[in-house]
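Enquirer: Sequence:
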Amino acid sequence: GEASVPFFSISGSEFVEMFVGMGAYKVRDLFRQAKEKAPCIVFIDEIDAIGKKRDGQIGGNDEREQTLNQLLTEMDGFEGNNGVIILAATNRPESLDPALTRPGRFDRRVPVELPDLKGREDILRVHAKKIKHADDIDYEKIARMASGASGAELANIINEAALRAVRDKRSYATENDLEESIEVVIAGYQKKNAILTDKEKWTVAYHEIGHALVAAKQTNSAPVQKITIIPRTSGALGYTMQVEEGNHYLMTREELENKIATLTGGRAAEEIVFNTSSTGASNDIEQATKIARSMITRYGMSKDFDMVAMETVQNQYLGGDTSLACSTQTQAQIDEQVVALVRRQHEKAAQILMENRTKLDELAKFIYNKETITGEEFMEILNG
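The sequence shown runs contiguously to residue 393 in our numbering.
Hints were generated in silico from the structure; no laboratory data involved.
All figures in this text were calculated on a predicted structure; none of them were measured in a lab.
Worth double-checking, as some hints may not be accurate.
Stated by the list, open to error - Okay, derived cross-link-like pairs now, BS3-like style, lysine-lysine, Cα gap no bigger than 27 Å in a straight line:
| # | residue 1 | residue 2 |
| --- | --- | --- |
| 1 | Lys178 | Lys150 |
| 2 | Lys200 | Lys379 |
| 3 | Lys374 | Lys226 |
To be verified - For each label pair, taking beta carbons as the anchor points, the in silico distance ranges come out as:
| # | residue 1 | residue 2 | range |
| --- | --- | --- | --- |
| 4 | Ile390 | Leu172 | 32 to 40 Å |
| 5 | Asn292 | Asp177 | 29 to 37 Å |
| 6 | Ile390 | Ile281 | 17 to 25 Å |
C-beta: ideal position from N, C-alpha, C; glycine also.
My request is simple: use the sequences and hints to build the entire structure.
Expert: Below, the structure is given as structure tokens:
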């Protein structure tokens, strides 16, 4: 690698053995080899397998504790670890024993978060070197479309683009292949054998245009990139893709409310046009409720609760579960405010659609016939 020194890589689970003393022996052997090869780097992946907090109870996992104690002893450098750099990785840093993270041991924490816009572009370029591709690919555009993607997902996008080119009997991947690959990663493959009834297809068409139209008529909403009513293997019968212009680290109350309104726009369109509702809005309802609850319990955007944290996240690195830190009575008040907030935005979305009913019908008919339209086509009709 770049350091030009030996690299020792081992998983924390490899230290865990059924025979007493084997874990500690493996730790001693690892550090013995590292000292012999110094200068070098030792990397322990999933260190929480051996580094969990000790509870002090008799009859616990003695083998794991012996392994952890041996690791602590080796790291303290009683025999000198000059030239040996020790790195470790975990998705659960809060579960590690305090003795492992005190100064002199693993005292420097480097959070590895999802890549930003520039990071996604760089990662895409690195993986694109492994395949044949067109020279005119706009990687910045692809990176914007892949907002929130991890490094592994970006690698998968490039791989899917190459496979798509092969299926089409082409010798290289194009920008269109990459765009379709993003949709595959987000929503799955197209279900070309899924035949919707005429009524279902019209429902999906109005539903998706409802999302896009509400988003376009609000300020501070991400531009619409693409709308499709082709079913996907993820179970989605269609979706509307919005793409931020750049990195977005903070969101205001108005932006969050607009996002809820956009999510309810699909259901609102169904109610206005068909005077009924379908099961197609289940994921929209879930996301809208989650945003509304976070606004009230975590972001301090409620007048009644002010800047009081009603909810805490157990594990931010894994997008972990949340828990309410309030009384049963307060929880009931929170539920009431969540319902009221979502209802207000639902009513706002319905009002926007009723004021633009002609465009709603025109756009729904257009996507019904084309099945997939770009953001440019959508805006051209909307502003025409």
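Enquirer: A separate judgement is required for each hint: does it hold in the structure or not?
Expert: Results for each hint:
| no. | hint | result |
| --- | --- | --- |
| 1 | Lys178 with Lys150 | 25 Å, holds |
| 2 | Lys200 with Lys379 | 16 Å, holds |
| 3 | Lys374 with Lys226 | 19 Å, holds |
| 4 | Ile390 with Leu172: 32 to 40 Å | 34 Å, holds |
| 5 | Asn292 with Asp177: 29 to 37 Å | 31 Å, holds |
| 6 | Ile390 with Ile281: 17 to 25 Å | 19 Å, holds |
Violation of the numbered hints given earlier is absent; every hint is satisfied by the structure.
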